[in-house]
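Each of the two chains sits in its own frame; use the hints to bring them together as a complex.
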Amino acid sequence: MKTPVLSFDNIGMQYGQAGQPTRRVLDQVSFDLPPGRNVALVGRSGSGKSTLLHLAAGVLVPSTGTVHLAGQPLSSLSEQGRTSLRSRYLGLVFQFFHLLPHLTVGENVALPGWVAGTPAAENSHRSADLLARVGLADRADDPVGKLSGGEMQRVAICRALLLKPRLVLADEPTGSLDDETGRMIMDLLLEMIAAEEGSLLFVTHSRELARAADEVWELHDGKLDRDGET
Amino acid sequence: MFVLTILGVALGVASVVAIQTLNQGSMQAFDGSVRAISGQAKLSVMGMTPAFPETLLVPVLGDPDVTGAWPLCRVEVAVQDRPGVLLDIAGIDLLAPLDLPFTAREDTATATLDALSALVTPGWVAITPAMAGEQGWQVGDLIAVSSGSRSVNLTVGALVDFQAFEPLAPRTLAVMDIAQVQAQLARPGLIHQIDVQLRESADPDMVARRLAARLGPAVQVVTPEQRNQDAQGLLAAFRLNLTALSMISVFVGVFLVLTTVQASLSRRRGEFGLLRCLGAGPRQVVGLILAETAVLGLLGVLIGIPLGFWVAARNVATVSATLTNIYVLAGIEKLVLTPQVILLGVSVGVLGAVAGALWPALEMARRDTVALLAPVNLHEQTGRAVGRLSWAALLLGVAATGWFVLFGSGTNWGGFVFGGMMMLALPLIVPMVVHLVAGSVRPRGLGLALSLRNLDVRLHTSSFAVAALAVTVSMLVGITLLVGSFRTTLISWLDVTMRADVYITTESWVRAGNEAFLDAGLVAEFKQWPGVDAVEEQRRLQVRTVPEGRRIWLNAIRVAGIPGAELAQRLPLQSGRPEIVAKAMERGALLIGEPLARKGGLAIGDTLQLAGPEGPVSFPVAGVVYDYTSEGGTAFVTMATLLRHFPGEQTNNAALFLENSDQAEALVSRLRQHYAGQPLVFRSNRDLRREVLAIFDQTFAVTRTLQSLALLIAMLGVALNLLVQARERSGELALLRSLGAARKQVFRLFLGEGLAIGLLGLLMGLAGGVGLAALLILVVNRTWFGWTIRPSLPVADLAAQVGLVLLASALAAVYPAAQAGLSRPDQLTRDDI
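Taken in sequence, the protein lines are chains A and B. Start counting the first sequence at 1; every next residue gets the next number (the numbering used here). Start counting the second sequence at 1; every next residue gets the next number (the numbering used here).
To be clear, the hints were calculated from the coordinates, so they are not data collected in a lab. Note that this is a predicted model, so its numbers are computed, not measured. Hints should not be assumed to be uniformly reliable.
As the list claims (entries may be wrong) - For the chain A half of the interface with chain B, some residues (derived, Cβ under 7 Å), not all of them:
| # | residue |
| --- | --- |
| 1 | V59 |
| 2 | T83 |
| 3 | R86 |
| 4 | S87 |
| 5 | L92 |
| 6 | H98 |
| 7 | H102 |
| 8 | P112 |
| 9 | W114 |
| 10 | V115 |
| 11 | A120 |
What the hints assert, rightly or not - Quick list of the computed label-pair ranges, beta carbon to beta carbon:
| # | chain 1 | residue 1 | chain 2 | residue 2 | range |
| --- | --- | --- | --- | --- | --- |
| 12 | A | P101 | B | G420 | 33 to 41 Å |
| 13 | A | G135 | B | L793 | 54 to 62 Å |
| 14 | B | D368 | A | V61 | 45 to 53 Å |
| 15 | A | Q17 | B | Q340 | 52 to 60 Å |
| 16 | B | W310 | A | P73 | 52 to 60 Å |
| 17 | A | E180 | B | D368 | 33 to 41 Å |
| 18 | B | R727 | A | P34 | 36 to 44 Å |
| 19 | A | V61 | B | A796 | 50 to 58 Å |
| 20 | A | P21 | B | W310 | 49 to 57 Å |
| 21 | A | V61 | B | G279 | 48 to 56 Å |
Glycine is no exception: its CB is placed at the ideal position from the N, C-alpha and C atoms.
So here's chain B without its partners, still in its complex pose (with noise of 0.2 Å):
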């Protein structure tokens, strides 16, 4: 039984440590390339466009508190004929005072770079040592990347150990000149950041205030910590949900704590008793519970630990996945368990533990002595405390209710806070739950309903066992409702916008959108192909608002001769009339998504301002439209209207109307096969459609395994339970051998009892999960993510859920019913039953 509870307490742990390990790699890879990239930077200077003038560059080394400053241009390329592999390129001056860890081969210590033939090297690149490595690069290697599409060859001409300072620097941090960078791979003339150095004395935020006021508004300056904590912002709700999850594993632990606890002092009480008679009060028995307890949870904690890293590491690909094609952010290379993560494992192992002997150990010390030594009466604490229990979790759901409506539903955390409270409130309806349901039925064999009413007599046990079940499936019925509902939501979303019938990107794009485009000849020649009847382009730029600095993606799209192609018409207004923003957009009005128009709280007739290249530029607000592109923020313009208030800006993507949609998939082949050596991408409608959902599901992948841990925890609860009842019920068990009960007979009246907790668990769980998920799409998600998710019954995935609950209640009952089926008729002596 301990070890089960050492095993539930380590799942529990092993759930926080995953995520927290996780949710700290998230950040770990952009924290260590800013690091290594701007580790001697006081200040940096970044676009808000992303890009800007490398003019800019002059003003700020004419402060007066400013020793140094450098411009860098950041490109990410993809390497060609290597699927997947990216190279973060930093285009620096390579005469600047900085002091970048190269050498000039890998064998050798670090050496002084000689920056000038690195300038004259045509496609001079200096790559990590752990990439060189990887991918079997050497010094003098031509490597062939692109960059839209654009192929450069580049030469490794030095290795730069980042990860030599910076551990967790990514390996794909790569160095180049900054104007072969700008010439070959972005745009002459741009950069996208100025490192800035500072005198000793200098007060950096007051240095900010003075470059940004004589930079202007095509910029921001800021500290390096200011940048982390602005992509902790972009990853806030996604670290948020995860950690959630995460605790509802440690919830459901507690309840195992609690089972085992229990069951161990109701076999100790004489021990206890003996205890009182010597003097021992009633706080140094409590004491001696929880540090026996506490121990207990250590032990879970050595294992728990260990665990959780593992099943980080097993789910780094799926959440890094998530990073680059979700939020666009580093992916997480090394996972690193950090002091503070070890430190919060051990705080969730032993306080949760301790939390879960808390009510056992006061109610043994309340005890009095006789009472103690008293033989034990199974049924004594049967059915006291139901009326009470089910009175607090009513107190707590009207309270709950009552503040989230007057209060919560105001703040970002009410929904959490919400459902947290209505999470606790759950396992206190349970005894009476489990009393109506299980007290009602009358046993007519040794079946199902005996097995039933076996859990009303055991209420005090069999309660936990059903609560945490309870939960659990509450959390796997929440979350599959959501991503269900969520998934068909997309699903509608994309039928209406994926009008075209192939789509054209590069290689680079998904990395690098905003500087990865389509050569202006190529889209030309796309419309030429036979059959192809219009060629759509799109442009996708990040900037930011005015004056909240959020990050959004402004899109426009230029699309000729396709009736109702148009973005008023193409994308589900969710309010304003189709005729209205188009004339409106014609105008240069925009339409913004909904996450925008929730976390900016901005509707039609409002202004959206954006950060310019000249300055902030005012944009009407035509229409709100649903959007699942982006949980950060969307707008859409029309192309002429970017081009107005952002010229020079370029092409990404390209999406062909054919003429005949049922030859999207031909031309595809046809298109790979032309222009096959060069980056582009090509995707029929139907394999857009499947990636996109593909990467919906990744995005899911850690969710599911936080599920999985929780609803092992909640089996050992039952295995646990049933063991527990198997011991208790020794005597009850041989007077059944003794009447004739055959093993197999006793061993199936087990089984039953465990299904009977999984279908008690279930019925709770359901009830409660459909208020989960209800809280987390209308509540929760909107407030978080800002999307409208329309509520849809995934009846396929909730019928395999309630076939693995009920399979795995049964399963968890195998052991102990294999144990129970092992009784004796001769072991029932006079003080059974």
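Only chain A is shown next, with the shape it has when bound in the complex (with noise of 0.2 Å):
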């Protein structure tokens, strides 16, 4: 059996301070997600989507159990550890799409393999590679800020695959788009994460998006639900 690219087992989760009330977010929740499946993530405001992908990024360590990033246990990772595995195994999409207005469309696409300090000519010409595969293979010297909403998120989604990551957490990544646009990304995505050979685990309030993906899980209260499969 293949090695999960991401287990949660038992993690628990919750806010607050020392001698004060605490809220749990995550409550249990355990999941293997194996290479090659795409997983939407749905619940409600506030039911720990957000929380789950933060963990799952290593951005957040659990208050109980474990999280396997790649076979590796990502939440007993110094912050460094966890900074380094993320850069080598995760691509990350927002909703807002983040791109730094500075730089150009390629160089955005780039920042990754700066910052894992991959060779220049290799990040060149992987960049422009991804953009001619989402069709902005002519807008690599353009500034982001001529892009429309759309463009922004398929330069985004470049970004997010340019080190070719095991696993792409996307959160809400059509939420700032309007409905066609979100879905031909969202198509974009899972097609570019299928030639990639990659996985997705993306949050999503939309049940309609959430069918494209292989499986839907939804949190509710803090307990994962993982039913839904497509």
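In structure tokens:
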């Protein structure tokens, strides 16, 4: 059996300072996400979706339980170790794109490569390849401020895929786009991840978009319901 | 951030306070001395040569408005076996109606002086309690002193507490009977001053004119105020240069305030939007911002004033040494923080801070309420003002150059004004340069290129840091080029002029040049020493030009038997041919130094009139020489010419030419051994050159302090700028961390930005510095000091400064970089970026 790309083992997460009432956000959450699977995470606002993504990215450390990323015990690593794993195995797509306005389209895509220290030529080549695949080959030298919302998210997807991550985490990737553009972006994201043989865990409020995933997981009051396979 | 701003203001204020305290201190010692000795006089008769016959006292006393007059013989003596300790002795008529604060013993109250006892006690001297305490002397003690090569034993007969009624009076002042001073330490029959008391109703100016007419050209009659003005004139260039340099720190500090206020306002725009919604007008917004900044300025002042005084105290020794060595004035004994300096510090701090806040405040007031309440767009200002500022810089540069060429170059102040305008233009061009350089780089990783690009993105803050640094580096490089070129020029000049192997002077000569003579017998002895080929005798006399009254040094040299050692051959001629000059000098002409030629508008063929003991003496100018001994002016004649017009003058110093120059050090050792116990100072050519260069370096010590303060302020600017950026760019940093950037990568990125600011500041500062150096060397220096300085490139010094600036920039970035490195990926919010 292949090693799961992401594993949650009895993850509990609660917020609050010592001596004060705490708020439990995740409770006994366990799952394995096998390679090549795409999962949509749904749930009401405040159900813990973003917390789960943050835990998966190693941005947060769980109160209880263990998170494994590509077989590595993410949650027991130091902050530096988690950052390193994130750089190697994860791609991130945000609702609000979070592109750096002072960099060109191509430079934004190449940014994870700069962080990881991959050779500049390799970055450029890969960046150009990805932009060509999302139809933005001729926009590489443009400032991102000239792009539409859909184009910005395509650039963000390219950025997430630059280092061929094992897993892409996407937080409401279509949340800032109109329905039609959102569907196109979702299709593109799934298509590209499939082409890269990666996995996707994305948060969405849209049941329609969620159905595009292999599985739909739902969070209810901190508990994960994994029955929604599509 | 506000702490950094307050520190920036404090350092700017400290620069100004330090320099003004030192500037005032430089005059206070002289002023204190004048008031202590001549405070009861309405007028003083001063010699033009400067000693004059005491017989002139009679006509002074004969004036109907004069109620009293007493002669003074002033001489500075060296205390033997106490290197560097001198007494400034005022020989007075102890029976004159002078109310000096004598005490018989240290522990008694003011007592009546037993004048008769003082008159009959050989070497009776009254010293200040401060000097007695410092040197451990008591009434009754013997003090061995020397004037020239003469040694005399003085007896402490009383204490005279000048500081009791004149706190700034030098502690080195001492009082003796005038007859004893003349006989033992100076010259019989000659005095240096007559202090005059007038009847209440008398008009001092009228009496001065009448006395001047009656006493003839050997003296001038002046008020104490005129004496102070005269001394101030001597120091004008020195003081002005230091003041101008200190203002650079204030200028740099203004950028610091600008950065802070702008960053603060950027964060608080919502607050001001709300105020505008509630009915506050633009003026009220501006008023509020300026009032807040004025408070910051005041806080900076509170730190800056004591800090400035401390800096002054740390530099008092070197400035004092410059005053005594270069200007032959009293050194600074006591620093006083005067109300004027405090007021100046407060004004500079508060007005500088308000000036720094004015532009951001007006920008904020100009925005409409909707724009203020809209989310912050960090890039809204980027690039918008670049073009306008560049045009302003260009216009200012052209206007300044035009003004200087047409009008300014003919004035004393022209160079300073032109330099100031160019220093104003430099920061205006900075945004364009940063934009062109930083905007053109293509980052290919998280390296320096990305750091540079980040500066371009935030021109509205990074430009201030670069501008502040550029101005500072301009000053650093400009001064370094000036000093380095000056030093090289001086060394070349010493190579040509210092031909003798051994130089002999006396312990008191450095301060009492006019009255410190070498005994003629000693000079004859030196000639007999084995290995001595020839002896050169030198006389240096302070005289005044007629009719301008400019104080100059008249140097006469007698040298025999050494080919090429004559003045015309030895001194590097700026104009004139050696053989013609030599012949003219034999006929009584003189050579003038370049500063005198420039300041007096003199050239070959002109006539220079000097005040002599019998009246003005006219000397034809035979040539102009490069001369770096005095900014006040110097002239050179043969000893025969000097003695013809100034009879009775004796030798001050001697120099020995050896048959074998390699023996100079050995001979110096033997001379020191042979003349041990005598107040003679022997130096080899090498030692004297070393001392000259040490004095030169000491002169610029305070300049280095000012440079350091300005650099410190600029570094605070770099730190402040990066702290602002760390805060403004929290979203970007959180994104980088989300993408896997380690803390050390973010740290390095910011460190790179500090270095990038340093590099751009250096780039612009080097260009500005070269321009500033050209202005200082070719215009300001020639106008104010009159020296020709040959430009040279002190490569090692410049390289050290480049390294220092880059290192300091990187160091300034360490704390902001560490703060930036603390950013977390979960800090990324929907409003970021």
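Subject >> List of violated hint numbers, smallest to largest >> reply: none
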